[in-house]
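**Q** Below are the chains, spelled out letter by letter.
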Amino acid sequence: MIQKFFFTREFRRYPFFFLLLGSTLLLGTLGLVSISIVAGQVKTQLENNAHNLLTSDFVVSARRELFPEEQAKVSAILKDKNTYQVTDLYSMVSHPVKNQTRLVELRGVEGAYPFYGDITLQTGKFSTDKFYVSRDLSELWNIQIGDILQVGEIQLPVQGIVINDTSVGLRGFSLAPRAYIPLIKLTEAGLMKRGVTGGFARHFRLPGLSTEDLKKIKTEIYEEINDSAVRVSLPEDSSEQTGRVIHMISNFMALAALIGLVLSLVGIFYLYQSHLQARLKDLCLMNLFGLTKTTITSFILAQYTLIFFIVMILDLLIVIPGYKIFAPMISQSIGLDLGPSLDLMPVFSNLPFLFGLSLSILVPLLAGLLRTPMGMQLKSAKISLGRFRFYDFIPFLLLLWAFSWHLADSMKVGSLFFASLILVFVLSTIVVRGLQILLRKTTAHRGLLLPDLPTGLALKSLARSGHRLTLSFLSIALGATLISLILQLDRMIQNEFVWDKNKPGLFIFDIQEEQIDSFKAFALEKKAPLDAITPMIRARLIKVNDEKFEKKKSSYSMRSKEDDDDERVRNNGLNLTYRSYLTAAEKIVEGEPFPKEPRITDGPVYVSIEKRWSERSGIVIGDKVLFDIQGVELEGVVRNIREVKWTSFYPNFFVTLEPGMIEGAPKTYLAVLPTGTREGKLSFQREAAEKFPNISFIDVEELVSKISVLFDKSRKAIEIISYLSLLVGFVILYGLSHDQVYRRYYDIALMKSLGIPAMDLRRNLLIEFGSLFFVAMSMGLGLGWLIAQVLGREIFKLGLTIDWMRMFVPGVFLLTLCTLTILVSSWRIVEAKPRELLSQG
Amino acid sequence: MMTVKNLRKSFGEGSTRIEVLKGITLDVVKGETLALVGKSGSGKSTLLSLLAGLDRSDHGDIVVGEKNITGLSEKELTHFRAQEMGIVFQQFHLVSTLTALENVLLPLSILKRENAREKAEALLESVGLSHRAHHLPSELSGGESQRVAIARALSTSPSVLFADEPSGNLDEETGTKVMDLLFEMVKKTGTTMILVTHDPDLARRCSRTVHLEHGSLT
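Heads up: the protein sequence lines correspond to chains A and B, in order. If you read the first sequence in our numbering, its first letter stands for residue 426, the second for the next number, and so on. If you read the second sequence in our numbering, its first letter stands for residue 20, the second for the next number, and so on.
To be clear, the hints were calculated from the coordinates, so they are not data collected in a lab. You can trust all of the hints, since none of them are fake.
Pairs of lysine-lysine residues, derived as DSS-like cross-links and limited to a Cα-Cα distance of at most 30 angstroms, are as follows:
1. Lys94(B) with Lys1258(A)
2. Lys866(A) with Lys138(B)
3. Lys973(A) with Lys641(A)
4. Lys498(A) with Lys618(A)
5. Lys1131(A) with Lys945(A)
6. Lys131(B) with Lys866(A)
Partial list, computed: chain B residues near chain A (C-beta under 10 angstroms):
7. Gly72
8. His98
9. Gly105
10. Ser115
11. Lys131
Negatives, chain B to chain A, calculated, CB over 10 angstroms:
12. Ser29
13. Glu144
14. Phe202
15. Val229
Glycine included, every Cβ here is placed at the ideal spot set by N, Cα and C.
Take these sequences, add in the hints, and give me the full structure.
**A** Here is the structure:
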C-alpha cells in the first residue's frame, strides 16, 4: 500500500512535478554524459593505438643524442638487439622546380621501423631506406613521385606518398607536415649539427614483457641515468601525450557541463522543496498513522533514486544514437577516428559522482523533514517544513568540489571552478539581500503608487519575497556568467591569435654559432635585418639548494594535470639564455632585475626564472641552483621571477642568466624576422634555405592561424555545452517562474477581483521579474567578463579589454527570453476568472 | 439597488453538463443586508461570483444601480467592480507581500483616490488594527486578517459588499467578534451587503434571508 502510494499514486497525481523534475535532471546530466562518452572514446582509441603511436614497446629519448655511456647503460639493461633509432628534426625543405620552401618535420628512420602500426603508401610498401612525404605536404605542393626535393645540403627524389600513418595521433595538430627520410641521409644532409632542435629516440621491441615489467625497467633506467634530459616512454605515455590537448578541452567542456548540472540541482532543490511543502499534510497524516519519519524519508529517497536511474537510461537512449550520428563529424574535427563501437565505462565511472551529487542536494530538505514535528503540525493552521541549516549543504558542497576536481583533472582548476561557483552564489545572495534591504528602506512607508500601481506592487513584492527570489536570481546569474565568460574569453583569444604587426614574420631557429655573422649579413643584404637575436644554450638543472633535482617518479593511477606539469618540468632538459635586459614580452613580478653593469665575481651567477616554471618546479627567489652546461657546472642564485607573454612569438626562456658568465658555452641562436609580406617571407626562406640549409623558419602568421583554428574548434565545443547549460537554466527558470506565478495564483485573482486590469497585472509581473532578471543578468555578464579578464591575465598575460557588443547582445537576448518565459508561464493565470477565490458552496 | 433577472449558469460539457443556477430572479434594495443560505452545492457561491462580477452568467441580467453588468466588457467590469463592489472572502485573501495598511490601501490606489493613505489608516483604526498596520499577513492571526479584509472591502465605499462565509475560517469567539464589527461597519456606512453563509445565527442578523436549493430560490 505504502509502496503503491510513493511509486504509483504520486507519479499519477503530480505528473507535472515529476516531468519537470525528470527533464531538469535529464538536461543537467545530458552534457556530462555526452562528454564522458566522447572523451572516453578518444581515450580508448588512443590507448588501443598506443603501440602504433609509439611504434615500439619502449623508448629512451632526449633532445640530444644519447651519450655513449648512456647508450651502454641502456643496452646493459635491455640486452636486446631488437632496436632502431628514430630522429625527429624540424628543417626547411625546398621544391627547387616549384620554387617552394617550408618547414617540414623530418623523421629519420632505420632498420625495422615501425615495430607496430602501419605506414600506408599511395603505391608500394614502406621501407626505411627511401624518402617519402606525407599527403599533407604532397597536396600542398602538388608533389608527384619522382619529384626532387632539397633537404639540407642534399637533393632527394620522392619515392612515395604516405596516405595513412598510425604513428600520427591527431591529424592537423602538428606544427609542420611530416616526411620520412633514411636516418643516414639526415647526417649526409648536414642537418645533424650540434644543438639542433629535435628529438633523438632509441626504440626497443620487447615482446612478452608486461606493462608492469616495462615500468620496472623504466625505473631502473631512470636510476642509472639521472639526467633530466633523458626520458623513457611507454605506449601508455604516448597515448596520454597525444591526447593531452583533447583531454584538456574535454575537461573544460565537462566543467561547462557541470554548471548545467549545478543549475539543474538548484532547480531540483527548489522543485522538491515546493513539492514536499505541498505534500507535507499527507506525510504528517502518514506519520500520525504510524509511519516513522525515517521510513518516509527512505521512500522519498527511493522515489528520487528511481527517477535518477530512469533519467540515466534516457540519457543513454539519447546519447548513444546521437553519438552514432555525430561521431564522423567529431572524428573529422579532432583528426582521430573514434570508431563505431561505444565504450560506456566512462559514463559508469562518473555515475557514483553524478548520483551522489544529485542525491546530496536533497539532504537539507530531508534533514528539514526529519526535524519537522509532524504530529504537532496537524494541530496548527499552517503546516510548514522544518528549517534546513547551513551544515546540511556540506555533503553537497564537498561532493561538488571533489567532482569539479575530478572533471578538471586538476586540483587547482577544479578548486578555482568551485570557488567561482561559490562566488556567484555568495554574490547573488548579497545582491538580492542588498536589493531587498534597499527596496524595503525606500518603499516601506510610501504608498503603492511608485509611481504607478504595477511598479509599486512589483517593488513591494521584490522587497519582501524570500529565498525563492535568490534561486531565480542565481539561475540567471550563473547562466549569464558562463555565457559572458566564454564570449569574452573567445574574443580575447581571437585578439591574441590574430597575426598583427607586433608579432614577428618569421621565427628562426637552429642558427649555428659560426653562421650567425654571415646570416646577419645575408639578412641585411635582403633588407630584412634580424631582430631579437638570442643565444640558446642546452643545460641541465642538477641541484636546487644543494639537493639533487630528482626526476619525478609519480604513480600512474591518481595522477592529475599538476603532476604531469611538474613531471614535464623535472623530466625535460632545459634551454636557457643570457641577457641583461627584459624583452617587451617580459615583466619582473618578484625580486630585483640583473645589475645594469656586468659584474666581476666568483660567486653564483644571477638567475631569472619564469613565474609558472617557478610554481611547477617549486624554485623561489634566493634558491641556489646548480646547472650542468654541457659538462661544466655553474652555480646560480635566483634573483627574480618574470612573467612572460609567450604569445608574443619572440624568443623567450624559462630560465635566463645574467650576461658575462656563460658566453663561452656551445650554443645556437634564435632570431626573428620582423613583419613582412607573404611573398617577401617566402623568398627570404627560399634563399636562406639554399645558403644555410640547416637553419629553420616558422612562419608565425601560419602558426597563429593554425592555433586560432584549434582554439576555434575548442571554443565551439565548449560553447555547445555552455548553451546546453543555459538551456538547463531556462528550463529551471520556467519551472521557478511557473511555480512562483502559481504561488501568486490567489494574489493575482484577488487583485483582479479588486479591479486591477489584466494588462496591469502583466506589467506588474514583467516589472518584478524583469528587473530581477536585469540585475541578475548584468551581474552575471559583469562577473563573466571579470573572470575572463583574470584568466586572460593569468594565461595569456593580457591587459583589460571589453567587448560591449558581446555583453549587450546576449544580455538583451537573454533578458527577452527570460521575460517571455514569465509571460508564457503567467498567461493562463492572469487570464483566469477570479471565482475560485470564493468558498465552494 | 440590484436587480437580478432569470440568471442561469451551467458547468461542464455535453452529458456531464450541470445546471447550477436555474433562472434566479432577485431584487436587493439599497442599505439592505441579505443572507443567502443553502446547503453545500446549492449554488450560493456561484450566485455570489456572478453578482460580484467574478464570473459570467450563461443567461439573464444583473443590474446594479443603473448598469447591467452582464453586458460589460472584461475591462469595464473590472473597473466597475473596483468602483462599486467590495468583497470579503472566507479565506481572507490578503496580498502576502503587502502589509495590513497596504492591503487596505490597495483598492484606493487602484482607483487613484485622494488622501488614500489617511483613509486607509482611519479604516484600519476603525477595525482596531492600527498597531498592526506594518505587519505582513503571515504575521497576523485569522481574526486580524479578516478585520483587515473587511477594512479593505469597505475602503472604496462600495455600493454593495459581498461577504462569502466571512466567519467560516474563524473560531466561534473570534467569528462573533469579527461579524459584530462587520455588521457595525455596514450599518455605519449604509452599505448594501449580500452575505453567503451556512450559519443560521449569522443569517438571522441580516434584514432578509433567501434560500437557495438545487440552483433555485425557494
